[in-house]
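Asks: Okay, here's what each chain looks like letter by letter:
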Amino acid sequence: MNAYQAIIARNWKSATPYSALFELTYICNHACSFCYNCPTGQKELNTQQVFEALRKIADFGVLFLTLSGGEPLCRKDFFEIAREAQRLHFAIRIYTNAFLIDEAMAERLKQEVHPFELEISLHGARPETHEALTRVPGSFQKLVNAVKALRRRDMKVLLKTPITNLNMGEVREIKALAEELDSDLHFDNVITPKDDGDQEPLQLGAGEEFMKRWWSEEFKDVREEKVPLRRDDQEISAVCGTGRSGFALDPYGNIYPCVQWRRRVANILEIPSMREVWRGSSVLKEIRRVAEEIPQTTLKNSEVGDFTSFCAGVAWLQTGDPTKMYPQAELLARYRKRTYVELQARAAAGEVIEGLDQTFEKCGE
Amino acid sequence: MTESSAVGGAPRRHPTAGFRIFEGQATIVMPDGSFIHVLNEIGSRVWDLLNGQRTESEIVDRICAEFETSREVAEKDVREFLAALEANRMLG
Ligand SMILES: C[S@@+](CC[C@H](N)C(=O)[O-])C[C@H]1O[C@@H](n2cnc3c(N)ncnc32)[C@H](O)[C@@H]1O
Ligand code: SF4
Chain A
4 MNAYQAIIAR NWKSATPYSA LFELTYICNH ACSFCYNCPT GQKELNTQQV FEALRKIADF
64 GVLFLTLSGG EPLCRKDFFE IAREAQRLHF AIRIYTNAFL IDEAMAERLK QEVHPFELEI
124 SLHGARPETH EALTRVPGSF QKLVNAVKAL RRRDMKVLLK TPITNLNMGE VREIKALAEE
184 LDSDLHFDNV ITPKDDGDQE PLQLGAGEEF MKRWWSEEFK DVREEKVPLR RDDQEISAVC
244 GTGRSGFALD PYGNIYPCVQ WRRRVANILE IPSMREVWRG SSVLKEIRRV AEEIPQTTLK
304 NSEVGDFTSF CAGVAWLQTG DPTKMYPQAE LLARYRKRTY VELQARAAAG EVIEGLDQTF
364 EKCGE
Chain B
2 MTESSAVGGA PRRHPTAGFR IFEGQATIVM PDGSFIHVLN EIGSRVWDLL NGQRTESEIV
62 DRICAEFETS REVAEKDVRE FLAALEANRM LG
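Residue numbers (the numbering used here), protein chains in the order written: chain A, 4 to 368; chain B, 2 to 93.
It should be emphasised that the hints constitute simulated quantities derived from the structure, not laboratory data.
All C-beta atoms, glycine included, are put in the ideal place defined by N, C-alpha and C.
Some hints here could point you the wrong way.
To be verified - Only pairs whose alpha carbons sit at most 20 Å apart, straight line, appear in this in silico EDC-like list of lysine to aspartate or glutamate:
{"#": "1", "chain 1": "A", "residue 1": "K79", "chain 2": "A", "residue 2": "D62"}
{"#": "2", "chain 1": "A", "residue 1": "K163", "chain 2": "A", "residue 2": "D224"}
{"#": "3", "chain 1": "A", "residue 1": "K159", "chain 2": "B", "residue 2": "D33"}
{"#": "4", "chain 1": "A", "residue 1": "K113", "chain 2": "A", "residue 2": "E131"}
{"#": "5", "chain 1": "A", "residue 1": "K113", "chain 2": "B", "residue 2": "D33"}
{"#": "6", "chain 1": "A", "residue 1": "K151", "chain 2": "A", "residue 2": "D105"}
{"#": "7", "chain 1": "A", "residue 1": "K151", "chain 2": "B", "residue 2": "D33"}
{"#": "8", "chain 1": "A", "residue 1": "K229", "chain 2": "A", "residue 2": "E364"}
{"#": "9", "chain 1": "A", "residue 1": "K163", "chain 2": "A", "residue 2": "E131"}
{"#": "10", "chain 1": "A", "residue 1": "K163", "chain 2": "B", "residue 2": "D33"}
{"#": "11", "chain 1": "A", "residue 1": "K229", "chain 2": "A", "residue 2": "E131"}
{"#": "12", "chain 1": "A", "residue 1": "K215", "chain 2": "A", "residue 2": "E87"}
{"#": "13", "chain 1": "A", "residue 1": "K16", "chain 2": "B", "residue 2": "E24"}
Said to hold, decoys possible - Just a few of them, taken from the derived set where beta-carbon distance is under 10 Å, the chain A residues facing chain B:
{"#": "14", "residue": "I10"}
{"#": "15", "residue": "N14"}
{"#": "16", "residue": "T19"}
{"#": "17", "residue": "V65"}
{"#": "18", "residue": "F93"}
{"#": "19", "residue": "P118"}
{"#": "20", "residue": "M171"}
Can you make the complete structure from the sequences, with help from the hints?
Replies: Pasting the structure below:
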């Protein structure tokens, strides 16, 4: 364990957060059919209120700040906010659809914001596929141009692709495109319900047949996880970092344990400091207890528990119970395990297969 | 060595680095994202003091006042530390 990992482990144990995700607005220039956001129509925080929130988060010792949305770059005061975040010494990451990033905007981001990473959502390798989801003509080409503008300036880009039944047929081409654009790529297996519990986005999921193939040797070259990995609850016993390593804020200032688990903790404008609410909140105490309980109950009792990447927030949205195994997690774990067992047998027969002893990173690590 | 880190000047930590000091340890993320540095207690304190307004000598004064160390040792430590930061392009 290096010094940085030691700090992370210590922070998890003491539930001292080091990251925050701030949804600056729910306004967006795309209309993605699966988007989990659920604007309530309330007034979003104004510039000064965002500054106040940022100061409270910085005072609390949080280092990593993710600016998300909606589309964060749609805020007219985005650069003012990002400069304030810079002044407060956050390490800044931006989640964006990149639609507004042209050469001039890329230059401003480089000169004024210095994000250490931009995570950009790519939904296909071709305009038809990407735009079938974003429902904005021209959004694919704009994204490609934006990534090129950022990479020309040596800015780090991570392309993120949630696998859907629209793009599952072109995962290899997506990987090739990411390589061509000199960017990292992350495929996401999980489509979540909307924040209000609407399950409709799940219809877009890639389905069992694809997941079976995804976790098989067929897609080994495309997956980040070359060999399916197991979970490890030894070093850190909680199922994930919810209520420990970080938290999320919506555009109205509401604080949640994480972006998936929208159990309101407080409103950041109504509290004197994050420290007080973090220690005193009964919601957070319960969240932490549940996160500790899941590996000991739900996962221990499941045949595929060792291979399950479990999100209590998604479980809550899908089943109404944050501890209950939900179909997606079970399905992915089943095929992860199946391939793992096959590889283990081949290793037992003498084949050299690297990585079988490794474990996957927990959400929030 | 750049002017900012020259001995006798007022060295400044890289203005775009993200950092927090927690329980005496600084965690620093450089804007290229590839460097996450964790510093020991004295290094963290020096990093904190590198605001471009204190000379190296003033920083040494502070280290001597706050930690049990002789001026000679503190001078050497601060000088070496600044050189290491410079080598890693962490000053600006
Ligand atoms: C809500 S968006 C906000 C940032 C920005 N507008 C973007 O699209 O990247 C954050 C991420 O959530 C993903 N996302 C949205 N709805 C989702 C869903 N129902 N399931 C899985 N991922 C989803 C998006 O693809 C994007 O990567
Ligand atoms: S671009 Fe992001 S915020 Fe906008 S609709 Fe798509 S997923 Fe939602």
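Asks: If a hint holds in the structure, say so; if it doesn't, say that too.
Replies: We went through each hint and held it up to the structure:
Of the pairs offered as hints, the one joining K79/A and D62/A is violated, with about 26 Å between alpha carbons and a cut-off of 20 Å exceeded. For the suggested pair K163/A and D224/A, the alpha carbons sit about 17 Å apart, so the restraint of at most 20 Å is met. Annotation: proposed proximity of K159/A to D33/B holds, straight-line Cα distance about 7 Å (limit 20 Å). Between K113/A and E131/A the alpha-carbon distance is near 31 Å, which puts this suggested pair outside the 20 Å criterion.
Distance restraint check for K113/A and D33/B: the Cα-Cα separation of roughly 11 Å lies within the 20 Å cut-off, and the hinted pair is therefore satisfied. Restraint check for K151/A and D105/A: the C-alpha separation of about 9 Å stays at or below 20 Å, so the hint holds. With a CA separation close to 17 Å, the supplied pair K151/A and D33/B stays within the 20 Å bound. A distance of roughly 14 Å separates the Cα atoms of K229/A and E364/A; the hinted pair therefore holds under the 20 Å criterion.
For the hint linking K163/A to E131/A, the alpha-carbon distance of about 18 Å falls within 20 Å, and the restraint holds. Restraint check for K163/A and D33/B: the C-alpha separation of about 19 Å stays at or below 20 Å, so the hint holds. Of the pairs offered as hints, the one joining K229/A and E131/A is violated, with about 29 Å between alpha carbons and a cut-off of 20 Å exceeded. As the CA atoms of K215/A and E87/A are separated by approximately 46 Å, the hinted pair breaks the 20 Å bound.
Pair hint K16/A plus E24/B holds up; C-alpha atoms about 15 Å apart against a cutoff of 20 Å. With 10 Å as the threshold, the beta carbon of I10/A comes within range of chain B, its nearest partner Cβ sitting at about 6 Å, so the hint holds. For N14/A, the shortest C-beta to C-beta distance to chain B is roughly 8 Å, which falls under 10 Å, so the interface hint holds. Hint status for T19/A: holds, given a least beta-carbon distance of 7 Å to chain B, under 10 Å.
Checking V65/A against chain B: minimum C-beta separation of about 7 Å stays under 10 Å; hint holds. Because the closest C-beta pair between F93/A and chain B is about 5 Å apart, less than 10 Å, the hint holds. The beta carbon of P118/A is positioned within 10 Å of a beta carbon in chain B (closest approach about 8 Å), and the interface hint is therefore held. Because the beta carbon of M171/A sits about 30 Å from the nearest beta carbon in chain B, more than 10 Å, this interface hint is broken.
Hint check: violations occur at hints 1, 4, 11, 12 and 20; the rest are consistent with the structure.
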